[in-house]
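**Student:** With the sequences and hints as input, model every part of the structure.
There are 2 protein chains.
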Amino acid sequence: MRDFSKRLAYLRESPTRKIDALRERLKREGKDVIILSAGQPSIPPPLEVRQKMAELLQEESMELYGYTPSQGIYELREAISEDLRRLGGLDVSPDHIVVTAGGQAAMFSTLASILEPGDEVILFDPTYFGYKPLLEYFGARVVRLRTSLEEGYQPSVERLKELVSPKTKAVIIVSPDNPTGRLISPDSAKAIADLAIDNDIWLITDEAYKTMIYEGEHVYLYKLAPENVISINTFSKDPAIPGWRLGYVYGPKEAVSRIKLVNEEMVYCPPSFAQKMVAIYLRSDIRMKYVKDFIAAYRARRDAAVDALKRYVPEGKFKVPQGSMFIFVDLSSYIDDGEAFAQKLLQEYSVALVPGNYFSEVYKAAVRISFVAEKTERLIEGIRRIGEALVAYR
Amino acid sequence: MRDFSKRLAYLRESPTRKIDALRERLKREGKDVIILSAGQPSIPPPLEVRQKMAELLQEESMELYGYTPSQGIYELREAISEDLRRLGGLDVSPDHIVVTAGGQAAMFSTLASILEPGDEVILFDPTYFGYKPLLEYFGARVVRLRTSLEEGYQPSVERLKELVSPKTKAVIIVSPDNPTGRLISPDSAKAIADLAIDNDIWLITDEAYKTMIYEGEHVYLYKLAPENVISINTFSKDPAIPGWRLGYVYGPKEAVSRIKLVNEEMVYCPPSFAQKMVAIYLRSDIRMKYVKDFIAAYRARRDAAVDALKRYVPEGKFKVPQGSMFIFVDLSSYIDDGEAFAQKLLQEYSVALVPGNYFSEVYKAAVRISFVAEKTERLIEGIRRIGEALVAYR
Chain A
1 MRDFSKRLAY LRESPTRKID ALRERLKREG KDVIILSAGQ PSIPPPLEVR
51 QKMAELLQEE SMELYGYTPS QGIYELREAI SEDLRRLGGL DVSPDHIVVT
101 AGGQAAMFST LASILEPGDE VILFDPTYFG YKPLLEYFGA RVVRLRTSLE
151 EGYQPSVERL KELVSPKTKA VIIVSPDNPT GRLISPDSAK AIADLAIDND
201 IWLITDEAYK TMIYEGEHVY LYKLAPENVI SINTFSKDPA IPGWRLGYVY
251 GPKEAVSRIK LVNEEMVYCP PSFAQKMVAI YLRSDIRMKY VKDFIAAYRA
301 RRDAAVDALK RYVPEGKFKV PQGSMFIFVD LSSYIDDGEA FAQKLLQEYS
351 VALVPGNYFS EVYKAAVRIS FVAEKTERLI EGIRRIGEAL VAYR
Chain B
1 MRDFSKRLAY LRESPTRKID ALRERLKREG KDVIILSAGQ PSIPPPLEVR
51 QKMAELLQEE SMELYGYTPS QGIYELREAI SEDLRRLGGL DVSPDHIVVT
101 AGGQAAMFST LASILEPGDE VILFDPTYFG YKPLLEYFGA RVVRLRTSLE
151 EGYQPSVERL KELVSPKTKA VIIVSPDNPT GRLISPDSAK AIADLAIDND
201 IWLITDEAYK TMIYEGEHVY LYKLAPENVI SINTFSKDPA IPGWRLGYVY
251 GPKEAVSRIK LVNEEMVYCP PSFAQKMVAI YLRSDIRMKY VKDFIAAYRA
301 RRDAAVDALK RYVPEGKFKV PQGSMFIFVD LSSYIDDGEA FAQKLLQEYS
351 VALVPGNYFS EVYKAAVRIS FVAEKTERLI EGIRRIGEAL VAYR
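Chains as they are written, first to last, in full-length UniProt numbering: chain A, 1 to 394; chain B, 1 to 394.
Just to be clear, a hint being listed does not mean it is correct.
Stated by the list, open to error - In silico EDC-like links for lysine to aspartate or glutamate, alpha-carbon gap of 20 Å or less:
1) A:Lys375 <-> B:Glu60
2) B:Lys364 <-> B:Glu150
3) B:Lys52 <-> A:Glu59
4) B:Lys18 <-> A:Glu254
5) B:Lys292 <-> B:Asp198
6) B:Lys223 <-> B:Asp198
7) B:Lys52 <-> A:Glu254
Quick caveat, the hints were computed from the structure, so don't treat them as lab data.
**Tutor:** Below, the structure written as structure tokens:
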């Protein structure tokens, strides 16, 4: 019978992809849409590094085109090891790192490696929408740990303890968080690490935005529980190559070797051109200057967005993000249904954003605003239109 | 419990990756190894196309770096559609094409999309070793259809009929074949297509080597059974970017939409840089000239390898490959165990090849020789050493 796998029912088209499709249709119709939906930087990778890659493209050899080891080229894993030491004082050897075809492949292969049907996995609410469909696809049960704006989206460790059961396989912690921009506090981190060690559960830490921090400091949970932490990372945000698909996982060797095996079966090896470029970038003199520059640029946009929200959406409630690319705004004083509002906003006001129900079962009247995809003027205009639409919609 | 998925037991490190690791160790020890193991071209992509990409790298925009649609950029899917028309007179619209992060991702996502535990899938013997672990990982039972050197590795349609059961989900056909270089004959193709239609089963056609043909013509099974065929393709061989990870699947729309969904969850989108390059390549004036040139170069090497085999390995039995990169040589007149021989050959004679038991449960005394990875002189020297080792080993 030419039928299909039933498990596919758990996979859904990514909500941001749906918005992208609608956005592109509007663009074809000649509409100029202000993009506050995309989690994609607008500052390209450093020119020096791109020029070096351009030179390599002229060479008459297969060096740049051939397969690489499935775990990633050693030069890049070494550069990542050095980078983790520089950024957080971490001691992670290249053997404990597997390079992947992006953060999504890091997530997919990590979950494929650890999950058995029936496992429970604790996921914060709100948090990144990418985990739930994968968890369900691999047969795990999603257990939600509610966090709230009032508590600055910090997890309550008491509530977390209550949710842990003998079936708990892992807790997933996105920090800096998408969509709230919250950093896990050092106290929360310590308590969660202790709980993971005591209960022998995995901590999956999603560190996609670890160099995109405006105030405060990133806590590396790996330092607190090196045997329990599997860390998901991406080069999509820093150095801004989302389309090139490169990320990595670090963690205990027995986990990394299995994740490597799954990646080998999924994609054979990570893209070689991107690997070479990132190896050059991480070891270049400008690596930390590039970070400093994009942080300054995105912080200025964040501040402009915060000011615009106070002015145009005065009853919107949000926590000023300490990191990431997003402001998560609770619009429950204006509306009930963020998804219906987002659709109306896109169609009638040509502003794209992502509704809160993609991240939360609670904050359904919220929206996620990206402040990195558009330049300041258009960002402010987008928020002005949100205010206008809210008044009209109320 | 910090344990791992039991299904991982079905995944094994790719045998060629194991050989790569050993090879690299020998290289570090200063040994110059002749590589007859790698299924990797030695002629890089056209310089004109690489130069165009080098120019694009200088542009100060996110165009080249951003996410693409999960299905692949439209420009590339259109170029693939045109290419399929040019190559085989196929009528495949861009909607029926999904671009993937390489042939491996095409295989993984296709099998993830169609398989249920308990399904039976018919796999030729010998054939490419990449399918069996994936089939078992997804819970399918592998049913082997034996083919033989005496019959030119053409499948017997009578035997195939006997293997089809109500549980048969798919037949996998690699043509040009890896490792035998056999092309499916038009008669076999027609009979298999009819059988698939009559029994309502999927035909997975692996067309990785479809432009790498020295004699004869590639049969597109899609033309014979468009509702049954899901075709796996790669740009690793043509235009020689194995490390860049780009491939595609074409087939019925309801299959392609599901395969797209799985790829979105696996890797979000295929690598954008590679997509752009291949779109330019496929639409360039030199596309067919590049194919003509590499075929001429690789045909000359194939012929040199055939001559060398006749001279140095006179009792080796093989079919001269009509396509692909490989000669599959039955060494049963000399040895019993191709794997032990391959190990000895690598360690004592510094020649790497792949033993037959990776492809076959029958041809265990065979070896696969790649004739594209090394230039002619070293290729001949490698085969001379094989002959020398066989005499010593016998």
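**Student:** Each hint needs a verdict: does it hold in this structure or not?
**Tutor:** Taking the hints in turn, this is what the structure says about them:
no.: 1; hint: A:Lys375 <-> B:Glu60; result: holds (15 Å)
no.: 2; hint: B:Lys364 <-> B:Glu150; result: holds (16 Å)
no.: 3; hint: B:Lys52 <-> A:Glu59; result: holds (14 Å)
no.: 4; hint: B:Lys18 <-> A:Glu254; result: holds (18 Å)
no.: 5; hint: B:Lys292 <-> B:Asp198; result: violated (38 Å)
no.: 6; hint: B:Lys223 <-> B:Asp198; result: holds (16 Å)
no.: 7; hint: B:Lys52 <-> A:Glu254; result: violated (43 Å)
Checked against the numbered hints listed earlier, the structure breaks hints 5, 7; every other hint is satisfied.
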